[in-house]
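Student: Line order of the protein sequences matches chains A, B and C. Under my numbering, think of the first position of the first sequence as 2, with each following residue one higher. Under my numbering, think of the first position of the second sequence as 2, with each following residue one higher. Under my numbering, think of the first position of the third sequence as 2, with each following residue one higher.
These aren't lab readings, by the way, just hints derived from the structure by calculation. Only a predicted model underlies this, so the values are computations on that prediction, with no experimental measurement involved. Among the hints, a few may not be true.
[As the list claims (entries may be wrong)] Below, a list of computed lysine to any residue pairs in the SDA-like style, where the Cα atoms sit at most 20 Å apart:
1) LYS625/C x LEU299/C
2) LYS424/C x ASP317/A
3) LYS95/B x ARG167/A
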Amino acid sequence: MAQFKLPAFGHGGDYNPDQWLDRPDVLEDDIRYMKEAGVNLLSVGIFAWAALEPEEGKYTFGWLRDILDNFHKNGISAFLATPSGARPAWMSKKYPEVLRYENGVKFEHGNRHNHCFTSPVYRSFVTKMNTRLAEEFASHPAVVGWHISNEYSGQCHCENCQRAFRKWLKEKYHTLENVNKAWWTSFWSKTFTDWDQIRSPERNGETSLTGLTLDWMRFVTHQTIDFVKCETAPIKKITPNLPVTINTMQNFTFLSYPKFAEVVDFMGYDCYSKWGKYSDYRTAVDTAFTYDSVRGYLLKPWSLMESTPSQVNWHDVCKIKRPGIHMLSSVQAVAHGSDTVMMFQWRKGRGGPEKFHGAVIGHDMTNKTRVFKEVKEVGALLEKISPIVNAEIKSECALIYDFESFWALNEAQGPVKDKEYHKVLVSHYEALSKRGVNIDVIDSEKDFNAYKVIAAPYLYMVKPGVAERLEAFVENGGTLVLGYFSGVADENDLCFLGGAPGPLKKLAGVWAEETDALYDGQKNAIVINKNDDIDMQGRYECGFMLDVLNLEGAKMVGAYESDYYAGTGALTVKKTGKGETWYIAARTEQRFLDDFYKALLKSSNVTPIVSGLPDGVTVTEREKDGNRYVFVMNFSEKDASVSLPEGVSMITGECVKGLKVLPANGFEIICRK
Amino acid sequence: MAQFKLPAFGHGGDYNPDQWLDRPDVLEDDIRYMKEAGVNLLSVGIFAWAALEPEEGKYTFGWLRDILDNFHKNGISAFLATPSGARPAWMSKKYPEVLRYENGVKFEHGNRHNHCFTSPVYRSFVTKMNTRLAEEFASHPAVVGWHISNEYSGQCHCENCQRAFRKWLKEKYHTLENVNKAWWTSFWSKTFTDWDQIRSPERNGETSLTGLTLDWMRFVTHQTIDFVKCETAPIKKITPNLPVTINTMQNFTFLSYPKFAEVVDFMGYDCYSKWGKYSDYRTAVDTAFTYDSVRGYLLKPWSLMESTPSQVNWHDVCKIKRPGIHMLSSVQAVAHGSDTVMMFQWRKGRGGPEKFHGAVIGHDMTNKTRVFKEVKEVGALLEKISPIVNAEIKSECALIYDFESFWALNEAQGPVKDKEYHKVLVSHYEALSKRGVNIDVIDSEKDFNAYKVIAAPYLYMVKPGVAERLEAFVENGGTLVLGYFSGVADENDLCFLGGAPGPLKKLAGVWAEETDALYDGQKNAIVINKNDDIDMQGRYECGFMLDVLNLEGAKMVGAYESDYYAGTGALTVKKTGKGETWYIAARTEQRFLDDFYKALLKSSNVTPIVSGLPDGVTVTEREKDGNRYVFVMNFSEKDASVSLPEGVSMITGECVKGLKVLPANGFEIICRK
Amino acid sequence: MAQFKLPAFGHGGDYNPDQWLDRPDVLEDDIRYMKEAGVNLLSVGIFAWAALEPEEGKYTFGWLRDILDNFHKNGISAFLATPSGARPAWMSKKYPEVLRYENGVKFEHGNRHNHCFTSPVYRSFVTKMNTRLAEEFASHPAVVGWHISNEYSGQCHCENCQRAFRKWLKEKYHTLENVNKAWWTSFWSKTFTDWDQIRSPERNGETSLTGLTLDWMRFVTHQTIDFVKCETAPIKKITPNLPVTINTMQNFTFLSYPKFAEVVDFMGYDCYSKWGKYSDYRTAVDTAFTYDSVRGYLLKPWSLMESTPSQVNWHDVCKIKRPGIHMLSSVQAVAHGSDTVMMFQWRKGRGGPEKFHGAVIGHDMTNKTRVFKEVKEVGALLEKISPIVNAEIKSECALIYDFESFWALNEAQGPVKDKEYHKVLVSHYEALSKRGVNIDVIDSEKDFNAYKVIAAPYLYMVKPGVAERLEAFVENGGTLVLGYFSGVADENDLCFLGGAPGPLKKLAGVWAEETDALYDGQKNAIVINKNDDIDMQGRYECGFMLDVLNLEGAKMVGAYESDYYAGTGALTVKKTGKGETWYIAARTEQRFLDDFYKALLKSSNVTPIVSGLPDGVTVTEREKDGNRYVFVMNFSEKDASVSLPEGVSMITGECVKGLKVLPANGFEIICRK
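The shape of chain A in the complex, shown without the other chains (with noise of 0.2 Å):
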């Protein structure tokens, strides 16, 4: 597996020098602007196509061979991108097959993002493009990784992906028994008795069994996989020491990412938070969740792909970046793991649907501008703050979000229409992440060991395996942190007969027995009374999703406060070894989690990076050579004084240690041993 260690921090962004290729000038005051803005790293070649092949077999690839040369005279380095985001018309004029259909319907040419990703026609295209494109560049020294396609995404319902679909299903069931077992077939006459007779999940078509929903769902994830090795197997082949990424996409949800960690040697991320929407802080911990789920794909340091210096232009409001925001994300980029600060763009086209997405240099052309000044000043802080690169996190909690659970927990009719996943994991993730303690955010499959604490409080589906893994954590001393409509399906999504959590119910010594659901507006509560168990007491609100519990084996902590199942247990606990299982029976105010995880981290003796952080300030550790990097962030609207760790600013080069005071937006990065 080809490495991705870059010698310091990538700085950079998306370079489309194809859309300037009359205009000299400006490719030439690109590299001034480059070079005056610490920026050392470009992805080039995206969506590219047309330009490298403007006709069938006719390969002109001088122009990005020119731009490459240039970085390289200049120092600068670039990711090349294959170009399979986006087709060229004569392709899909005179190859029909390569567009997507729905319905039997095919889609016209254009856009992007809409190719089939089996078909033959395509996949040939591709290979010979990137055996092309690697050998052209295979020894080119400004290439220092390769950027895959464009933010995989969708799905086609072509003949030749049903008959991929039934070939994946044929290896994975072996027989029409078992895919009709599986997807309990038996309802609704739903049984197969033909492979012939299995479509894909269309509008028009079959979309009640969710059974066949989830195994579509993880086809389209093995197909898009299966389309990257056909990317990557020249590449890999010519150039085999260059690592390859792709960039996955913020909130994004229909490929499960965490399979790509068999094709990728790191992880890109695009990012495009709404700053300035809701408070900074609030904006903060979404960013935060989703910067440690994608570094908790593969737990290695990953790539800050694409984000925005400004604005971007596809928000229903594109709200300017406040001053020092651009700063402060990028710093949080890097400290949840990021080796680069990369945007989308460099610079603003002319024309075409993004030509009012930020940039580094507008239509204005100049570096005179408020956000090139803001840029130059992130250049110049990454420089400084090189040493870090490469530093790895370490944390002693998880939280567990796994995407086919997610996707069978959407799929599911009741209890709630919306299930509010990605809503409710976050919460988790606030609460916890107000400890100063590292997070990772990783899918069941990962491995438990490491971690002291591990909060999987929505965990629909549990996979073979999962239940006797969390056994040996909580076994050898864990804590696990389970809620309400979890354990309930199988990896089929077929509910465990036996009654909820399902498997997972030894370990909560709790049975289920009904969830209930309230509408907006109405409410339940938990009261905690004075107990041993946990150092925390009082009423807190919840409502939404309610398990009705049975204790088998669990201690009642809190208590519902009203309705028919008043009194009965909303939070429990179970001892099972040296460790300890938690249950929230409903989804509670956010009050209720911070406290609740306040105390359990204490009892759990989880090490804070930064204790008594104020509120708004957000922290993290990377950790390198025996080095420490401690980042402190402030996104309240105020100063807020926070007690660091003693050790050596990376910014100032002072030592630091004690009560110091950040300003709104104020960050600061401490070496310490």
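Knowing the structure of chain A, use the given hints to seat chains B and C on it.
Tutor: This is chains B and C only, laid out in the frame that chain A set:
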């Protein structure tokens, strides 16, 4: 016609043993639990086609026979279902004509309830299947009736259906000239000059001809009934003594259910009210309205064919029925004429979209749940009150809910977009219900003679003969209540010339020169001074639609308070023969209707079952063999003191008389002579 | 060019006798009622194709001749319509190419306004029909003009249209290289290498190329005009002296109506404002804006071709126009340049979707209604003021509303999703209108020389020559008002390089470095201190879009109050030659615009028709033969005391001068020299 007369109340629900054929232990448990819960009637075979005919022409009925044998052995009865609600995949694959079409696009196989009702192929398969089923189980002692298909619904626009539609039109209109006249095709150049130019109203086709749309909706009802006839032909022949039913669906308004009277022996109904979303009383009134509507289709006892013992899975929020509500809502069904309390579903499947729908037996597989206990209590009660089974309901008051009038009103552009037909009707129903009387909800083709009061407050369409029959009703002493935007169009949706309310003008004595519409939040009021015509006075808000009346024989009782029609008639009365006709010119607040019907029923000598009902308490009465059974139900959230009629409690066996306190959710059933 | 000069104001509307040919009594009543109501002008034959050509090639014009003969006999005139707005069913059936296509799917026959504008078959039918109509009625004395089709609208994506689009593109761009450059196809690999690769932007096709979309919209306008030419070719040849018009539609923005100036002799307009939803004044301003827009297409008197005497049938709530409003809104149309007051519709049909649309004669078939009386009063008034017919309107102020700029702005992604172009323009119009002046609403291709003040507050696209013409305007002493997000893109939607406002930078003297966007509820403010440039001061809220300016020659008059751009320019002015250019950098509350234009019009020496207008009163002036006719209208809900100019009341014939009290909904029309 076969008789639907159960020896005792049916208690049970949908049972899908075909999902558990590999688990004989589960099937054994089922029987044991059924007997414990007092369950004596199950619907079996719904959606079981794939299990009954796994490949074309190969019938596998053994498992079903085993189930029925076992039922009989244990004193349990069955409604035997025809499986046409869902097809096996092999049929869709081999005979795509069985699938529905829209805008020339075929729907793929999937989901349920989506076959073409016209397809000769599908009809042939149905005939074969139903013949075999009837032959096989004709004399099975467990089978007490036929459950034909499931929740008929939907439309198909394939060429077979287009041809059938044209044939139906030819039989109705004979000549194209008649069609053109009936549909007023002289606007927008719509004149048809060839039958083949006529097509069903589809998304991409003709949606502006309300006459066409109306006839298409009638045809859909006709064709669905024709399909039912195809289903029942072999059944009626082979098992002439078994009653047949279909299960109609709550708030499903695209089939004119009353027309199905010709093909069923009793009416089935699936009721899924949103208990717990609003106040229980609100839900009770909404539910009772639908119960009396279903009863009104045949004006005979009916069967609650589906309901949930706890929560559904398809509401936005699937709140659990609070303890006692399952009992009370079951009693309410019986109170309004149901002879069964059946539930969807006996047991939750492990997979499929309905795996989280409430059931008597859940994924815990036990009888230890709250839900099981409540179901068991209902079983015990139904046994206790079994003398009431088959009792009739007689009403002095009727409310006209006419499907075709509703369709035409809904298709009408203006005076408001959302006509709120259902809500308007329910508001009248509620006011009548508060008077402690039985209410028949009927269409305009039923006999009017038995009633003292008929409310027809929103009768947009007046079909031939209806005005004449209403005239006879009033002449003979009846009290008729009409309302705004009534008497507007004839059965072809052609507006009556001469002004609204068209043929009802003579009875009403008013000409509605204009119908105003107010935006949300804009209000007028009706002011009624002390008068000799009705015992009410005061100021009542009104809005929505407001007729501006010219009096042509009627007397003004209430006047508008403001706007340019201030002082003109808003409530009028006209006497005809021994009776009188009231006209309520605008939509009012509920308080108006409450006061109005209170005075009106008194002056019309309608006898309440119970007088002076406290808020939140409802009452009905069933009659059989000279006995009268009074149901008193407290849907308020507190104790209610009710003045009970003298009689014997069917619950305690004790004599009751005078004031009794019913707790919240409490009820009493009294037999009085 | 044929002249549109009526001898008196036209009063009447759409008349569909073809719906009543079997009722000669009704047709007789019509004539009688028309004369009573002072109705002298009807549009006939709209949608009458099926009555005019019931089968291919068989023309039946007799009934129409009878109607026109009868008109003439009774002194009534007609606009004769071509019937192309709806086809007969036989044509769609036999020649499906006349139907529209989208995404390769044919629309079925039905509804109206849905033919392919390119189809040679349809054009051939239209040519034949219009030739025959013209021949038949060329010299009919009742016919005073042609009403071509009805409310042109919509698009077709069939292969005929694709070919026509490509042909149009070739004529415009000559080479694909030019196309690629204009559309900036170098992004997302969109370079076209063959003309046949280009297709219209459809739902399933290319929606990301704003240049393509913009050209498609231009093509749709072009092709619709080309279709009008096809319609009018025989007409112009056979009846060269009859003026032709089309009826444009309120708030319909997908055709660039000003371009139709080349094919019509006067402009028709269908106006259906929502009187009674908001305050009458609010509706009056919105309506007046559209009146002045329609007038602006040709800058000539126009024709109110449709309006409702009472209510429409297609608003969500079809509120009745309150008494007096039909009169006042009719006067308003005349006040803003209409020479007709025509209504949809003379008589309600019995069926069809428009049977509940307001009409002079309703389903009661009489002249006894409030509506009839109000229409009759309008007829009497129009006769009284007939000297005013053909009078022109001259304005010192213009507001630029540019369809192509609007389209491009709407297609732009960012800085906000909903651009609210119309609302922004109306807010400027309202502020100008409060000053008691005539206002021309024009596109950017009109002559600027006649004006003292031009407001171009949202001119996203600046077409070639516009900046130069504005410069000349300012140089010569004009006052120009610009606003945020202006001067951004050229006619191909390519952003100007060098920064916004692009070619307007020189005039404005500002560089809009960034355009911020605020979420709903987020606010900034503009603070203006006492200054010498404009007679206004204070604090005004602003939000939505906010330019952050660099002053490059302009003077700051108002500054932002808060945020990181606090203290920077929010209102600036720059003098050029004898004139000056104002730049309003953010969207403000209405009060700002009111104060701003009050001061500006004064300093720009714009002469008000009436000074010191009370709230809710509007005024316009028409001129003819040296006479000036002043219209003063009170749209407030109370008496208003207005300082009238000296002259003679056209209503009472009396001299008026000085303060006069106009009641709510009252008006006065004064002739002054």
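Student: Please go over all the hints and tell whether each is borne out by the structure.
Tutor: Against the structure, the hints:
no.	hint	in the structure
1	LYS625/C x LEU299/C	17 Å, holds
2	LYS424/C x ASP317/A	18 Å, holds
3	LYS95/B x ARG167/A	19 Å, holds
Checked against the numbered hints above, the structure violates none of them.
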